[in-house]
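> Chains as they are written, first to last, in this note's numbering: chain A, 107 to 377; chain B, 14 to 375; chain C, 217 to 548; chain D, 217 to 548; chain E, 105 to 420.
Treat the hints as calculated values from the structure; they're not laboratory data.
Keep in mind that a hint or two might mislead.
Said to hold, decoys possible - Stretch-level coverage of chain D by chain C, calculated; a stretch enters the list once three of its residues show a Cβ under 8 Å from a Cβ in chain C:
1. 292-302
2. 403-413
3. 501-509
Cβ coordinates follow ideal geometry from the N, Cα and C atoms, glycine included.
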Amino acid sequence: MRSEKSNSAPLGLKIAAAAGLAFMHLPILLIFLYAFTTEEKSYQFPPPGLTTQWFAVAWNRPDVWAALTLSVKVASIATAAALVLGTLCAAAVSQTRFFGREAVSLLVILPIALPGIITGIALRSAFSIADIPFSFWTIMLGHATFCIVVVYNNAVARFRRISGSLIEASMDLGADGFQTFRYVILPNIATALLAGGMLAFALSFDEVIVTTFTAGQQSTLPIWMLEELIRPRQRPVTNVVAMVVVIVTFLPILGAYYLTRDGDQIAGAGK
Amino acid sequence: QEPLKELGKGEGELSIVTWPGYIERGETDKNYDWVTDFEKKTGCKISVKTAATSDEMVALMNEGGFDLVTASGDASLRLVAGKRVQPINTDLIPSWKTIDERMQNAPWHTVDGVHYGTPYVWGPNVLMYNTEAFKNEPPTSWKVVFEEMTLPDGKSNKGRVQAYDGPIHVADAANYLMAHKPDLGIKDPYELNEDQYKAALDLLRVQRTLVGRYWHDAMIQIDDFKNEGVVASGSWPFQVNLMRSEKQPISSIIPEEGVTGWADTTMLHADSEHPNCAYMWMEHTLSPKVQGDVSAWFGANPSVGAACKGNELLTDEGCATNGYNDFEKVKFWKTPVTKCSQGECVPYHRWVSDYIGVIGGR
Amino acid sequence: MTTAVLFDNVSRHFGIVRAVDRVNLSIAEGEFFAMLGPSGSGKTTCLRLMAGFEQPTGGHIEIFGETAEGVPPYRRSVNTVFQDYALFPHLSILDNVAYGLMVKGIGREERRKAAEDALAMVKLPGYGTRRPGQLSGGQRQRVALARALVNKPKVLLLDEPLGALDLKLREQMQEELKSLQKSLGITFVFVTHDQGEALSMADRIAVFNDGRIQQLGSPEDVYNRPKTRFVADFVGSSNVLSADLCRRLGLKAAFASLRPEAVAIAPPHNGALSLSGTVASQSFLGATNRIVVDVEGARIAVASPATQGFPPIGSAVTISFAARDLYPMDDA
Amino acid sequence: MTTAVLFDNVSRHFGIVRAVDRVNLSIAEGEFFAMLGPSGSGKTTCLRLMAGFEQPTGGHIEIFGETAEGVPPYRRSVNTVFQDYALFPHLSILDNVAYGLMVKGIGREERRKAAEDALAMVKLPGYGTRRPGQLSGGQRQRVALARALVNKPKVLLLDEPLGALDLKLREQMQEELKSLQKSLGITFVFVTHDQGEALSMADRIAVFNDGRIQQLGSPEDVYNRPKTRFVADFVGSSNVLSADLCRRLGLKAAFASLRPEAVAIAPPHNGALSLSGTVASQSFLGATNRIVVDVEGARIAVASPATQGFPPIGSAVTISFAARDLYPMDDA
Amino acid sequence: MTILAERVILPERRSTAGRLSDFFWRHPHVLLALLLGPPLLWLGVVYLGSLFALLLQSFFSIDDFSGLINYEFTLATYRQLLSDTHLDIIIRTVSMAAIVTFVSALIAFPIAYYAARYARGKWKALFYLAVMLPLWSSYLVKIYAWKLILAKEGILTWFFEKLNLLWLLEAWLTLPVVGGNSLSVSYTGTFIVFVYVWMPFMILPIQAALERVPANLIEASWDLGGTPAQTFRYVLFPLALPGIVAGSIFTFSLTLGDYIIPQIVGSSRLFIGQAVYAQQGTAGNIPLAAAFTVVPIVIMGAYLWMAKRMGAFDAL
Ligand SMILES: Nc1ncnc2c1ncn2[C@@H]1O[C@H](COP(=O)(O)OP(=O)(O)OP(=O)(O)O)[C@@H](O)[C@H]1O
Ligand SMILES: Nc1ncnc2c1ncn2[C@@H]1O[C@H](COP(=O)(O)OP(=O)(O)OP(=O)(O)O)[C@@H](O)[C@H]1O
Ligand SMILES: NCCCCNCCCN
Ligand SMILES: [Mg+2]
Ligand SMILES: [Mg+2]
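Just chain A, same shape as in the assembly (with noise of 0.2 Å):
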């Protein structure tokens, strides 16, 4: 029984985090404010006026829509790499013991635990020396490359908890080890694919640097606003999408909190 359940916390911590996550908070507040300014070329502040008329510009943009299609096309299909592959490795690593299993678990977090930047140089050259030109396929490529962890971190998370007796429980009752995998250890580790599977997706869909070497001259979403941002057109739009970019994929991530809360901690959630 944890005595905090009934007592509070002192108020030197009260303020620290309360500090803490009005930091994290007030420039977001910032970017919703500006999308609603009257001011087009420059972000003045306070902004001389409101209006919502960025929504419907945003609306009727055209490489917007461009942009939106592509990161979502690519997210989508780098998520679903990541699931197979975060899935196998995940199983492997956690139902088996093997020479080098140390170093796969170690592999696996090297893309995200060496800077996006050397991903992505890497991938390019790599493409360059073998000739292959830069396409949807390249991009995917790159973003599932770091997908796969966050992927596996939830499933190695989940296969942990699934009590090895189980599955021999199941192979016990008669079930062979198609059956098993179909009965017992997908229903067991599905919500926290589906974890998984929605921060890789959201994870794909904000990256820029990766993006920045693997793309060619295709523009993702955060490639269009690091475009827009610097050469600005209208640039309250910018600040529409980004705001609609983050309530769209908020529901996800409030999803993958719901579906892991008891238990495994969103593993890799960051990144």
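Since the structure of chain A is already known, use the hints to place chains B, C, D and E with the ligands on it.
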């Protein structure tokens, strides 16, 4: 490599590496659009990749996947040497004959009498300044960005000036020294011996103490003038025009020391997959209309004299304003090489690393 | 009588760990067979060898006369009740119980009925729609039992199924299990480290230590006639008398065991043996008092009826016991 | 005699849950005090109130005569041995034991010596450099004990310290704890839900149920003279005789308790009471046999010496017991 | 109950799945190979292969004039990497990464601690969302928001002015190293944005580590006389350390490699990420870019090795 023999049908696509503001399709101001019509006429869909420095352009061309590049003088010869661009067949470009003679055989695109592109536009790197800070005493010398001084508004220039974030800026320092330290014997700001080079770097180190952030991107420079209290900097007429159009208190001059400048050439990639569209584009860009429009928008000068007259956007005074007649005062960008008129000069790669060092505080 | 499980010199070594070492045993059909031993003595490993989760590294296993090596668990008509129950958390109780039938391809309606019957048998009718998380420990244990029994296994393996339950519940489940086994006639192999449990439930007991069987026999055999000092020590809290003491009592043996409840604090009557010593300590155990008597350095525990009260600590007493309760043992 | 801990009408409610409800108790200095009760009955909460981890929502607590409310745990000379030991996993055994001295600012050398002495006292000399993860359950338990004792607390609180140990180890630790308490003279407050443990170790026992003390007295009191049906049921496996049966035996009471070991399967001798019934079930428990006799629907358990053997199931038997073993109880 | 097994050992299954299942059961190594094959092919061959190919390039050099790579083995690029200019960049970046990591941990800890130890039920969910919201808001837009805040004529100045505290800001800006013309062109600004953007990556692992600290260890410390401060120092902090290390893998590595933040908010002094980006993209000097990437690889390699030993991976 043999140039193209005859013009065929357009391939439907064309990708161009260029400076920001060089190729407009009316997105910022619908009056400035020299792409839409071209696309309609030729069916060549244009995609534009902007680059902030010449080095970036060279890197993009080395990487491949582009058809054309509007290379400045400090990039063009490197591209030729690296065999990244191909000679062009001037016969396939009817307007070739209309080109300003000063540009037609310019050394930055002509090697052994072979042309590696069509001139686009040229212009000076002007001194842009904030008219409120300078009140009624506009600057006359690059001194304001090289040495600490009190500006007419009574405050120091420290932290309020900028310089270009590209190694070629060393030439601006050399240009300044040419006027102020004649005993160094600098004849050409792109050809510096060790002593001259050292003096230029020393000057740049002084400049570092004045500069908060170097400008790398035209748009970010505009932001800095608006939000960061920057009041003077070397710049392109493009930024000046853009800010003036936004009613910012901005003006520019060509200081007494003269200026560096750029003269850009549209060059065709050695492995271009859309050479026909490329040739069509080169021809298109040489029309007085496009030349005038680009010059008006960017604050540059046309390579086709006819553009100076009768262009609605440029107006008849435009060429004079943009320095069309100052051609002689402009020391055009070119790549510093070891072999030079002084015998041995400091090559470009040292400019690159030393300039990074100077900005880094070394 | 058919032999349900036969271990012929079976070993299972993990590297240098001899989890199971040259074990011979033969369990008869319908028998309630208990495996008793301290932690790490190889009980679970034996069970896993029967279930097919482990393969022997030596020896031979037969189940109802058929070779078991190389047969995966899902092809053995042997079911297990796991120590932690291993109920499928994502399935309802009914689906848990019907699982074995489902993977065998039995139709939905039929398996529902069979599962409900099984739940009724373990006295959980109507619990089918719940989830395992909504049941108490004892209830889960019964679901695990039903889930195994619904498959009509020839052999049911139970790995410390009552280990996690508290005393009251445990006693109740012991009775239920025992009567279920009687009525179904299935062979039960039951693992426990609780001697009381093994004694009260099993037909025969194998006492394990260090991967080997120390003694195999009926509860009375094991309790009253321990073959080794280890068994004497482990099964009930026996007194182990040294060779010295044995000699003085006229017994030729390296060691002898003497159950506390066979000793009385009283002068010897007809033919009884006796020793004298001083009371070293005592404690009240409810039904009995435990009095430890120091006999020339050897400590002999006496279980005397609580009604007799405590002699004062340090007082001199005589203890007596029948010669037949002194049981000689082979080895240390 | 000094009062070590005093609870004056102490309550601790969590919302509507009355974890501890108007409890009065007074524990004497040097006493071995046990709190016994089923899960959720409030034992741990009582302990936490003494340690200072909880504050009472009503009533008053004194420790050695001083008001305890509002005094944080780290300012009470009361130490706790946690149920799961709560050893610091990142510290060596020695540093674990020396922790209390370190935070008090005792010098390195001095606390090392004190910690080593404490480890020797719990028979773990030389284990100082290990980590908690490298010890067995019983060893960890002893480290937890040493860690508490090194601070020389006035009161030592033990929350089911033996719950996780297996039977043998548990018996051994019971003895060690008991003798340690005797030699140190520290007041022990010991929580358990194992009646045997409470009976054998404690000077006095408080039996808890639903946050209240049901009975407080010596082990004999609690075992032989349960005041409520709950106590009779919980402490040992007593038979509870209904009013009906009581009346037939000439006793005017709502209920009466009768210990199985007070009953014999034999015709009554002088002045003994007797009932007749049939044998319903039986099991071998080692030292005794447990025989359940059905007396007109009421089931009465009899603990008979194993030496007497089993009467056949279903056979008619007469059971007899002394009138004084029939203990009337107040309420249901 | 219908099934009555005739035999105790059931016959082999004849379906493909059944036979395959038997096969895998007898040959678990084949199954393992099938599981590990695809991810290893992807990560071990494609990803690691690319990394090695990149590293290989660092042993080539570049022709200064044409910008083309000279495919001959040389250490010249590493000599170049160790020049003063480039060492400055490395030191600057590593120091920034270290300070950012330290301060991130400092700010993150109370948040994580509160979330792990005190927040319950709805509050816990709220805390989680409050951490995730900034984490998943567009990274670029956040940086630009900071540019607005930190600019000389930005929001912070506006606030300081309103509060009559402008002198304080100006005093700070006159300090050596951390100062500058405005916050947005100073190390202070770069630092603030780095901390802001990466700090959420620190919170979650710390929270995870703290949640794994059994509550009774803290009570045990109190019980033994440890004051709250001592309990933090001797129990809580050491046990949360693996979480901090796990979080610092992110903050450290992300700072080492980022090139967008210091370019948008900074003083034009390069960081490793910018140098790599510039060498690769602007200068086309792939060998030097590759040599630069060796620095974070070596640092992170050592870091990961240490983290693994501390058990930080469990907190990732
Ligand atoms: N997979 C394995 N790898 C290595 N050693 C093992 C393995 N399984 C069991 N062992 C070892 O074999 C020995 C016997 O283990 P087993 O689980 O059979 O004991 P047990 O009698 O069931 O003990 P408990 O009462 O603690 O469950 C132990 O020393 C154990 O550590
Ligand atoms: N912090 C708390 N918040 C709410 N309810 C609590 C809290 N602590 C204890 N309780 C409740 O108070 C009651 C008594 O709990 P306590 O832990 O004291 O029981 P216990 O006798 O120690 O049980 P066990 O033998 O299971 O340890 C239980 O119903 C429990 O759920
Ligand atoms: N929330 C997105 C932050 C961007 C960081 N991406 C890191 C990816 C590392 N390869
Ligand atoms: Mg076991
Ligand atoms: Mg408790």
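> So, for every hint listed, does it hold in this structure?
Each hint tested on the structure:
Check on the region 292-302 of chain D: 0 of its residues sit with their Cβ under 8 Å from a Cβ of chain C, so the three-residue criterion for coverage is violated. For the region 403-413 of chain D, the assignment as covered by chain C holds, since 4 residues bring a beta-carbon within under 8 Å of that chain's beta-carbons and 3 suffice. With 5 residues bearing a CB less than 8 Å from a CB of chain C, the region 501-509 of chain D meets the requirement of three and the coverage assertion stands.
Checked against the numbered hints given earlier, this structure breaks only hint 1.
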